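Trainee: Listed below, chain by chain, are the residues.
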Amino acid sequence: MLTRLANPARFMRMSGAALPFLTITTVGVLGVGLYLALFVAPPDYQQGESVRIMFIHVPAAIMAEGVYYVIALASFVALVWRHPLADVAAQAAAPLGAAFTLVCLATGSLWGRPMWGTWWVWDARLTSVLVLFFLYLGYIALVNAFDDPGRGARAGAVLALVGVVDLPIIKFSVDWWNTLHQPTSILRAGGPTIDKSMLVPLLIMALGFALLFSTLLLVRMRTALNERKARALRLAAPPRRRGTEIPPAPPDATPALR
Amino acid sequence: MGAYFGLFRRELLLAVRQGGEIGLALGFFVLAVVLFPLGVGPEAEMLRRIGAGVVWVAALLAAVLSLDRLFAVDHADGTLDLLALSAMPLEGVVIAKCAAHWVTTGLPLTVISPFLAELVDMDTAAIPVLALSLLIGTPALSLLGAIAAALTLGARRPGVLSSLVVLPLYLPVLIFGAGAVEAGIAGGGARPHLLLLGALTLAALPLAPLATAAALRQALD
Chain A
1 MLTRLANPAR FMRMSGAALP FLTITTVGVL GVGLYLALFV APPDYQQGES
51 VRIMFIHVPA AIMAEGVYYV IALASFVALV WRHPLADVAA QAAAPLGAAF
101 TLVCLATGSL WGRPMWGTWW VWDARLTSVL VLFFLYLGYI ALVNAFDDPG
151 RGARAGAVLA LVGVVDLPII KFSVDWWNTL HQPTSILRAG GPTIDKSMLV
201 PLLIMALGFA LLFSTLLLVR MRTALNERKA RALRLAAPPR RRGTEIPPAP
251 PDATPALR
Chain B
1 MGAYFGLFRR ELLLAVRQGG EIGLALGFFV LAVVLFPLGV GPEAEMLRRI
51 GAGVVWVAAL LAAVLSLDRL FAVDHADGTL DLLALSAMPL EGVVIAKCAA
101 HWVTTGLPLT VISPFLAELV DMDTAAIPVL ALSLLIGTPA LSLLGAIAAA
151 LTLGARRPGV LSSLVVLPLY LPVLIFGAGA VEAGIAGGGA RPHLLLLGAL
201 TLAALPLAPL ATAAALRQAL D
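Going line by line, the protein sequences match chains A and B. Residues in the first sequence are numbered from 1 upward in steps of one, following our numbering. Residues in the second sequence are numbered from 1 upward in steps of one, following our numbering.
Some hints here could point you the wrong way.
[Said to hold, decoys possible] Listed below are the simulated DMTMM-like cross-link pairs for lysine to aspartate or glutamate, each with C-alpha atoms no more than 25 Å apart in a straight line: (1) 171(A) <-> 221(B); (2) 196(A) <-> 44(A); (3) 229(A) <-> 221(B).
[Claimed, not checked] Pairwise CB distance ranges (calculated): (4) 220(B) <-> 114(A): 24 to 30 Å; (5) 49(B) <-> 115(A): 26 to 32 Å; (6) 41(B) <-> 226(A): 54 to 60 Å; (7) 42(A) <-> 125(B): 52 to 58 Å; (8) 227(A) <-> 82(B): 34 to 40 Å; (9) 24(A) <-> 82(B): 55 to 61 Å; (10) 115(A) <-> 50(B): 25 to 31 Å; (11) 49(B) <-> 149(A): 32 to 38 Å.
Keep in mind the hints are simulated off the structure, nothing from the lab. Predicted, not measured: the structure shown is a model, and the values here were computed from it. Cβ atoms here follow ideal geometry from the backbone N, Cα and C, with glycine treated the same way.
Next comes chain A alone, as it looks inside the complex (with noise of 0.2 Å):
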């Protein structure tokens, strides 16, 4: 699967395939866990009708975390089989990342001032995204510091793996140093504390984030592979004269794709 998916050409055609089914899907499931969110389920006895920021603050959380695994195993995979499509994937997935991490800080800024009395607090859950997104920035930066994309692809690699054995460290670092908000309530022994009515809308629309997520990044690895093949075609053109056409690059001018 992985060997096969290597060449770009067949990464664009099964991609291409994938992609109208991925999106009405997304949106479907978007739609109904809203639905379900917003209308359906019943406010919280304590937290009233603001406990429905939850159903975007959650699976922000769980997609902000999430991603940069998703990102590190593409290192990984990048750096130890050179797959030419992990890079891709990381670089991809690297800004749909900080974009959760910004969403889950944002709504559980706006989530906390009606409940906590303040949209921010050093607590370790929030410290420890926030600098989350400082991990997702600093790789972002990194990739698009060198002016050879290949150096910065594979230095943004050896940092998403530095990155993903540091974040346990710094969660426990962090924890150790405050704690306030409150503990897990879903994946928990002795089964989540939440009540199903309201569990149902928030698996659902952590479905759909998660949907989301492929459906945008595969949008984005197809736009990063058609770029690439653009410069290719471009640096494979004979040098232009001033007053003449751009003349058809020849059809063997795509060494990328081929």
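Add chain B to chain A, keeping to what the hints say.
Mentor: This is chain B only, laid out in the frame that chain A set:
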């Protein structure tokens, strides 16, 4: 083994003879600590409260400031290529260079930290804890910093970039380091912090050179 000591000696000699390298880190460290009372006011109460964090943050920033000299010069003049071609494994080269970096930054910072502790009116009982925490923690700063320095070789604006990359990695060291001093001020109980700090350094000792060497190989490709 002799080759590593040779490299270590060379790094120390370069740091001493090129002048200013050690002084720069120390000067920055002192200045950063001195700026805090000017910023937050001279009340001893306040300074005593934030002193531990201030000294540790200043040490962290001084370490970041000195990172670029780890590999950048050797990369620019080709020494790094020769070291990579030599019989020494690149990981060993990294350890030797990190050791020299620590002796020229972390160790001097540790030595002058008691004087800075007086500037922020730290409790006398906590001063040995501060020096001990810096002694245990600063090797981790050099080792983790080496990763960032190697990753940003040849980048545009490597200085800014390496600080963005390295500061999240420094976070646990800062927390346990400053935590140890806080616990020392509160009276005893600094031991678990110091042990965790030691664990960080010991974990970084084998892992960081691996990552740094991987990053250097990418840079020298």
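Trainee: With reference to the structure, classify each hint as holding or not holding.
Mentor: To see whether the hints hold, each was checked on the structure:
1. 171(A) <-> 221(B): Cα-Cα ~34 Å, so violated.
2. 196(A) <-> 44(A): 13 Å, holds
3. 229(A) <-> 221(B): Since the Cα atoms of residue 229(A) and residue 221(B) sit roughly 24 Å apart, the hinted pair holds (cutoff 25 Å).
4. 220(B) <-> 114(A): 24 to 30 Å: 55 Å, violated
5. 49(B) <-> 115(A): 26 to 32 Å: At roughly 29 Å between Cβ atoms, residue 115(A) and residue 49(B) fall inside 26 to 32 Å, so the hint holds.
6. 41(B) <-> 226(A): 54 to 60 Å: Distance hint for residue 41(B), residue 226(A) holds at roughly 58 Å.
7. 42(A) <-> 125(B): 52 to 58 Å: Between residue 42(A) and residue 125(B), where Cβ atoms are some 56 Å apart, the hint holds.
8. 227(A) <-> 82(B): 34 to 40 Å: 38 Å, holds
9. 24(A) <-> 82(B): 55 to 61 Å: Holds - the Cβ-Cβ distance for residue 24(A) and residue 82(B), about 58 Å, lies within 55 to 61 Å.
10. 115(A) <-> 50(B): 25 to 31 Å: Once the Cβ atoms are compared, 29 Å apart, the range 25 to 31 Å for residue 50(B) and residue 115(A) holds.
11. 49(B) <-> 149(A): 32 to 38 Å: 48 Å, violated
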